[in-house]
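Peer 1: These are the residues of each chain, in order.
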Amino acid sequence: MLKVDHRDKEKLIDPLFRTGPRFQLAALAFLAVIGWGVYMYLRQLILGLGETGMTRPTYWGVYMVNFIFFIGISHAGTLISAILRVTGAEWRRPITRVAEAVTAFALVVGTLQIIVDMGRPDRLIFVILHGRLQSPILWDVVSVTAYFLGSVTYLYLPLMPDAAILRDYCTDAPAGRLYAPAWQRTLYTVLALGWRGTRAQWERLEKAIAVMAVFIIPVAVSVHTIISWILATTVQPGWHSSIFGPYFVAGAIFSGIGALFIAMTAVRKVLGLEQYIAERQYRNLGLLFVTMNAIWAYFTYAEHLSIAAGQQTEEFPVLASKLWGEFAPGFWAMIGLMVVAFWVLVVPKLLPASAARVPVFRPRYALASASVAAVTGFVLVSSQPAPVSLVLAAAERAALTEPAIRTLGWAFIALLMIGVGLGVSPWLKARPVTASVIAAACVVVGMWLERWNIIVPTMTHPRLIPYAVYQPTLTEVSLTAASLALFGLMFLVFFKLFPAVSIWEVAEGRVIEEAQSKIVIPAPEPSEMKRLRRWGTRH
Amino acid sequence: MRWSMVIDLDKCVACQGCSIACRFENNTPAVKPSEALKGRAVRWNDVFPMPINPTEVTGEYPNVQTRYLTRPCMHCDNPPCIKVCPVQATFKDEEGLVRQNYARCIGCRFCTVACPYGVRYFNWHVPEWSVETLHDFAWQNRTSLPLPATSVPAPEYANPDRIEGEGDLEGPAIRPKGVVEKCTFCVHRLQKARARAEAEGRAFRADEYVPACVQTCTGKARFFGDLDDPRSTVSLLAKSPRAFRLLEDVGTHPKVIYLREW
Ligand code: SF4
Ligand code: SF4
Numbered sequence: 001m002l003k004v005d006h007r008d009k010e011k012l013i014d015p016l017f018r019t020g021p022r023f024q025l026a027a028l029a030f031l032a033v034i035g036w037g038v039y040m041y042l043r044q045l046i047l048g049l050g051e052t053g054m055t056r057p058t059y060w061g062v063y064m065v066n067f068i069f070f071i072g073i074s075h076a077g078t079l080i081s082a083i084l085r086v087t088g089a090e091w092r093r094p095i096t097r098v099a100e101a102v103t104a105f106a107l108v109v110g111t112l113q114i115i116v117d118m119g120r121p122d123r124l125i126f127v128i129l130h131g132r133l134q135s136p137i138l139w140d141v142v143s144v145t146a147y148f149l150g151s152v153t154y155l156y157l158p159l160m161p162d163a164a165i166l167r168d169y170c171t172d173a174p175a176g177r178l179y180a181p182a183w184q185r186t187l188y189t190v191l192a193l194g195w196r197g198t199r200a201q202w203e204r205l206e207k208a209i210a211v212m213a214v215f216i217i218p219v220a221v222s223v224h225t226i227i228s229w230i231l232a233t234t235v236q237p238g239w240h241s242s243i244f245g246p247y248f249v250a251g252a253i254f255s256g257i258g259a260l261f262i263a264m265t266a267v268r269k270v271l272g273l274e275q276y277i278a279e280r281q282y283r284n285l286g287l288l289f290v291t292m293n294a295i296w297a298y299f300t301y302a303e304h305l306s307i308a309a310g311q312q313t314e315e316f317p318v319l320a321s322k323l324w325g326e327f328a329p330g331f332w333a334m335i336g337l338m339v340v341a342f343w344v345l346v347v348p349k350l351l352p353a354s355a356a357r358v359p360v361f362r363p364r365y366a367l368a369s370a371s372v373a374a375v376t377g378f379v380l381v382s383s384q385p386a387p388v389s390l391v392l393a394a395a396e397r398a399a400l401t402e403p404a405i406r407t408l409g410w411a412f413i414a415l416l417m418i419g420v421g422l423g424v425s426p427w428l429k430a431r432p433v434t435a436s437v438i439a440a441a442c443v444v445v446g447m448w449l450e451r452w453n454i455i456v457p458t459m460t461h462p463r464l465i466p467y468a469v470y471q472p473t474l475t476e477v478s479l480t481a482a483s484l485a486l487f488g489l490m491f492l493v494f495f496k497l498f499p500a501v502s503i504w505e506v507a508e509g510r511v512i513e514e515a516q517s518k519i520v521i522p523a524p525e526p527s528e529m530k531r532l533r534r535w536g537t538r539h
Numbered sequence: 540m541r542w543s544m545v546i547d548l549d550k551c552v553a554c555q556g557c558s559i560a561c562r563f564e565n566n567t568p569a570v571k572p573s574e575a576l577k578g579r580a581v582r583w584n585d586v587f588p589m590p591i592n593p594t595e596v597t598g599e600y601p602n603v604q605t606r607y608l609t610r611p612c613m614h615c616d617n618p619p620c621i622k623v624c625p626v627q628a629t630f631k632d633e634e635g636l637v638r639q640n641y642a643r644c645i646g647c648r649f650c651t652v653a654c655p656y657g658v659r660y661f662n663w664h665v666p667e668w669s670v671e672t673l674h675d676f677a678w679q680n681r682t683s684l685p686l687p688a689t690s691v692p693a694p695e696y697a698n699p700d701r702i703e704g705e706g707d708l709e710g711p712a713i714r715p716k717g718v719v720e721k722c723t724f725c726v727h728r729l730q731k732a733r734a735r736a737e738a739e740g741r742a743f744r745a746d747e748y749v750p751a752c753v754q755t756c757t758g759k760a761r762f763f764g765d766l767d768d769p770r771s772t773v774s775l776l777a778k779s780p781r782a783f784r785l786l787e788d789v790g791t792h793p794k795v796i797y798l799r800e801w
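Residue numbers (the working numbering), protein chains in the order written: chain A, 1 to 539; chain B, 540 to 801.
Don't take every hint at face value.
Claimed, not checked - Below are the SDA-like pairs computed for lysine to any residue, each with C-alpha atoms no more than 25 Å apart in a straight line:
1) B:Lys731 <-> B:Arg541
2) B:Lys571 <-> A:Ser222
3) B:Lys622 <-> A:Ser222
4) B:Lys577 <-> A:Gln471
5) B:Lys622 <-> A:Ile115
6) B:Lys577 <-> A:Leu474
7) B:Lys571 <-> A:Gln44
It is worth saying that the hints were derived from the structure and are not from the lab. Treat the numbers as computed from the prediction; the structure is a model and nothing was measured.
Bound-form chain B, shown alone:
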């Protein structure tokens, strides 16, 4: 399997629903408005206007054009981010997902520098929601702080999913400060779907799993599936004459494929 996402920009209404769905699915930390102004907001899936900088605008007002782009991690087939990580905290698994292990990351921020798409985020402070929820939790359970983040069950309004193993901490798990996080194509959903199929004693099918942003998309602009299967939706759409990838010239071979606006 080679998981891939197709985003039809013609159908995208730039509602930012994907961004919000991602926040709730993955428990991405909130930051104060003052921090967000500094550019420290964490949006694994960001929606932003193009061109990004005023210097890149072509044409004179009012004859200018702004488009919106929604941007998850590209899950590059040749990801520059994993090659620079000195501790293999970020890695590509057998199914082409580029994952991030919070328990391993040393916070050197080389990957954030190496990724040309700017999809990696650093926890500059203790994620704020986690302090509050940790306090709540500590108060309810009459334990004292600081609790090891890994031992805290997420409160009911956070997504309790996580991927945890020996020295592993991934997905929506509560992460400590000083590590990098990024879009994982909701790898915990994949794990859950696999577990369900196994419990029901049947083979896992590629259409049993989609990331939260794909599920929520208002304009039904997002498609998800297996690029190795020639009959999957993503494979068929990838052949569209409208298909393109972001920054094709930097040699990363993204697995997120965009369909141009008509």
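Here chain A stands alone, though its shape is the one from the complex:
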């Protein structure tokens, strides 16, 4: 029998064997959405891809956007379990399991998107039988497969000792507190793979995890790079860019952290794991999040600047459609969401505690600013009602043209939004977890929009074909909803069967922390101090 701290047992193991109505309700809801999606997919399969909104020239649409989005999210696991493990960040321990689950499940859902997007899914095997090495799709198949196998291994390896714990603890007595049906006990036994927790086994496991950690980082980088190359190796206006590789990888990790924030908060709330997933995790992950936000903004700016400065006849209409054309709402929503995420993560941290005493930092000022901004925005986008026309006429007499007034209007809204931001900052400061989730939701939606803004404007502005309009149909919307539901369901079932926090990793973390707190660091000699000050720690 493997030993488990009684706190861990109570919080992590016991809930696995209690199935409440909440679980069943959630599973039913997910299943309903998935069932509808399956129906819509079968319909599309029988009638043809014409059931989507895709046309010539919009040959790729929402499915492709979803594909890039989900594969992007799958970069969460690599970041947490590989990069943070390699760099020895101890705080990662309670969230590794969630991150690895996000990775594996997002990859499954992402790959499904490609199959849904294919005209002839029955011929999928041809990619292996008749593959053409030069095609980026083939590279993608190779790297996504490698990444999937790697991630599943990575999810499984740290799970092995936990499966052994579960194997040892669950009972076959139907009345027992830890009762598990026979199939579940078999599952744990099989997954535990004869784990007894001997020294040799631990050493082997540590070695395997260390090897995987190093192996999976380049694979993860390759996955999103190659997805970007699917676009960048074509000569389509707006895609033929060398920055796409790193841009996509940065975006992938960025959206991955966002998804992880949401997933770990859900797990924390539902299972009551506040002691495990604590504010420390939110703080540190938040710092990484802000960094990725800045990197993403830098890439986005660089990418669009070069197109704007080049003013090429084919590329520029793509950019113009994003900046002020038909894609402007999506584009500016994306920018707005990212700015909000940045604000929510940064400004409350910079705010001194005494700020709450200053009137602008009160929620009711935020509310007031928001309502004024909403009214102004409504006036700007709606067809002009009579009183506004009068104001406009007055402004015209003051030698202001209508575009100038509109610009002023938007500037006014921007100012008001800063007011809103200031007003809610103390409120956010008091609730770091909520703030992180708000930021994460903004980023996840923003990154979906980012992929939309990359795929669709280029598709609808091709060469030698009239510019087109793309509108997703019910089929595409349903399948997107079903994909999200499938992602949720896999999560739900997985964490019904396995502890949401890696028991042994957390226990190990406790031991390490205890040991570290006993280490006394001797002060260096004075002469040594001088050298250190001048040269740092290098010899």
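Let chain A serve as the given structure and place chain B with the ligands on it in line with the hints.
Peer 2: Only chain B with the ligands this time, still in chain A's reference frame:
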């Protein structure tokens, strides 16, 4: 041999005869008007006004100019479409024709995205003519649907030609939904001309074969032939000072050569 087409835009009267000839020659599927409005019409050889988009118009009304362009597949010497195909469903044969195998295509639509000329078409639904003709055929022969498309002989008003081999289905053959199709320079005509020459026991000459659009052209604006032969019409016309190719800056090296209007 390197098959090539020259189109003299000065002689082209934009009658769209080539487009129609192509439809009948290659059995390209018809679509409902509502689908055509969405941009799902299939015209391997399309005739359209230039500039294509109102934003590209230069000059003020009435001092604007519209030209018409007829556009088959360019049969690029360096075709971006074949490089991206993950299953080699589209390929360039030894004579420079870029061909499309319906039996292999997985419908990923990467080639349609990669081709800068927009000459590739996707079968979004079951091609409508084929459903009707399949029904007709099934009724006449008292067989039940669905018939495997490859086993259905085309009805008398469709072109019965096709290129079929092991795992191959090309040209005017009845194609299933969910695959990509495109102009092949009527490769089945080339095959037939070769077979005829062989049956008559003589060597095949390059002038024995032209695509349907070249044969039908009202203004005699289209020329077809072998670019490797320096004395062929296309080689001579390719040297004309009026000669240009579409989108020369994307590096595809098209084998369709246009002659500018005077
Ligand atoms: S024109 Fe398009 S389809 Fe034709 S060979 Fe060139 S890239 Fe391929
Ligand atoms: S749609 Fe067909 S021909 Fe085009 S790249 Fe995909 S498999 Fe190849």
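Peer 1: Which numbered hints turn out to be false for this structure?
Peer 2: The structure conflicts with hint 2 only, although it agrees with all the remaining ones.
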